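Peer 1: Given the coordinates of chain A, assemble chain B onto it according to the supplied hints.
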Amino acid sequence: MSKPWGPHDLGGQDGGPIDLAEHDTAYWEWQIDAMVRLALKKGLISDFAELRDGIEQLTAEDYANCTYYERWAKSLAHTLVSRGIVSAEQLAAQVDAVRLRQEAEAR
Amino acid sequence: MTGHDHDHSRTFQPDHAEPHSDGARVGLALRELLIEAGHYTPEEEQAVIAAMQHASPQDGGRIAARAWSDPDYKARLLANGAAAIRELGYEIEPYEFTVMENDASTHNVIVCTLCSCYPRSLLGMSPAWYKSASYRARVVREPRAVLAEFGVELGDDVNVRVHDSTAELRYMVLPQRPDNTEGWSEEKLADLVTRDALIGTQRILPTD
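Residue numbers (our numbering), protein chains in the order written: chain A, 1 to 107; chain B, 1 to 208.
Among the hints, erroneous ones may be present.
The list that follows gives simulated cross-link-like pairs (lysine to any residue, SDA-like), each with its CA atoms no further than 25 Å apart [to be verified]: (1) A:K42 with B:E43; (2) B:K74 with B:Y90; (3) A:K42 with B:P94; (4) B:K74 with B:Y95; (5) A:K42 with B:L88; (6) B:K74 with B:R120; (7) A:K42 with B:K74; (8) A:K41 with B:E186; (9) A:K42 with B:H54; (10) B:K188 with B:L169; (11) A:K41 with A:S82; (12) A:K42 with B:I35.
Keep in mind the hints are simulated off the structure, nothing from the lab.
Computed from a prediction, not measured in an experiment: that's the story for all the values here.
In isolation and in its complexed conformation, chain A is listed as follows:
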């Protein structure tokens, strides 16, 4: 078999049994999905290929450890930071704010 292009190139690789469990999409996952669609609609990204390109830039470790919408989120963040639509510092500060809020809510 030829060498995979990257961690996303799964076709023909080994894999375990398929987990057939159904699932409900969490609301935050719908929000990420909507954010990507709106970013596209508003011209913040040019097309879905740009999102996929960002996902394919993830490290093998990130790719394996991230869930589906986490990959979308990281990809869009990467693209919007590299386009200067948000700054890396702004994003890091907001991630901290989200974490602190979640921790406060959990208490």
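Peer 2: Same frame as chain A, but now just chain B:
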């Protein structure tokens, strides 16, 4: 849950995520920044989510039922899926849409090995297993073994065709019309059709 189990579930069930993960926080933080900067509003977000939640496999079922009932429509559907689907009033995203027909000697199944492309605008949210590493890796190499895990047993006389979707080309399977459904209304036929049959991980549609 043990650490090992957790890692496993994250790898193979990629939609069971908590909003407290690093990736989710990045997404939620980015969302807040974009809304704060006025790139979009919470109302726009609501509208997009509502539209996405509206799509369901029932739409695919109606299309299959029309194709079973109207040979001319079926010919158009198989020739140019996107145009024939829009003909019924469905709005689908601007990509190619190819419908593959199952028959006695052919079984079709769809996958997206490179990411998780799925006819979302027609069938709604894809199942978690469709996005899983195992399904994407294995169905192109050992489709019969994978289909057996879904309970689909195929005789040696049935060819299996696996269709790998892309960002620009989506597939849907037209299942075989079940026997003993002569004279059924389109509505009744549509109710027989399942999501998995439209993906190709189910072959027989029970009629009782």
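Peer 1: Take the hints in turn and mark each one as holding or not.
Peer 2: Going through the hints against the structure:
About 15 Å separates the Cα atoms of K42 of chain A and E43 of chain B, which keeps this hinted pair within 25 Å; it holds. A threshold of 25 Å between alpha carbons decides the hint, and for K74 of chain B with Y90 of chain B the separation of about 16 Å falls inside it, so the pair holds. The hinted pair formed by K42 of chain A and P94 of chain B meets the criterion: a straight-line CA distance of about 17 Å does not exceed 25 Å. Under the criterion of a C-alpha separation no larger than 25 Å, the hint pairing K74 of chain B with Y95 of chain B is consistent with the structure, at around 20 Å.
Of the supplied pair hints, the one linking K42 of chain A and L88 of chain B is violated, its CA atoms being roughly 28 Å apart against a limit of 25 Å. At roughly 21 Å between alpha-carbon atoms, K74 of chain B and R120 of chain B fall within 25 Å of each other, so this suggested pair holds. Straight-line distance between C-alpha atoms of K42 of chain A and K74 of chain B comes to about 37 Å, which puts the hinted pair past the 25 Å bound. For a cut-off of 25 Å, the pair hint linking K41 of chain A to E186 of chain B is broken: about 36 Å separates their Cα positions.
Straight-line distance between C-alpha atoms of K42 of chain A and H54 of chain B comes to about 22 Å, which keeps the hinted pair within the 25 Å bound. Taking the CA atoms of K188 of chain B and L169 of chain B, the gap is near 30 Å; set against the 25 Å cutoff, the hint is violated. Our distance criterion of 25 Å between C-alpha atoms is met by K41 of chain A and S82 of chain A, whose separation comes to about 19 Å. Taken as a hint, the K42 of chain A and I35 of chain B pair is honoured in the structure, with Cα atoms around 12 Å apart against an allowance of 25 Å.
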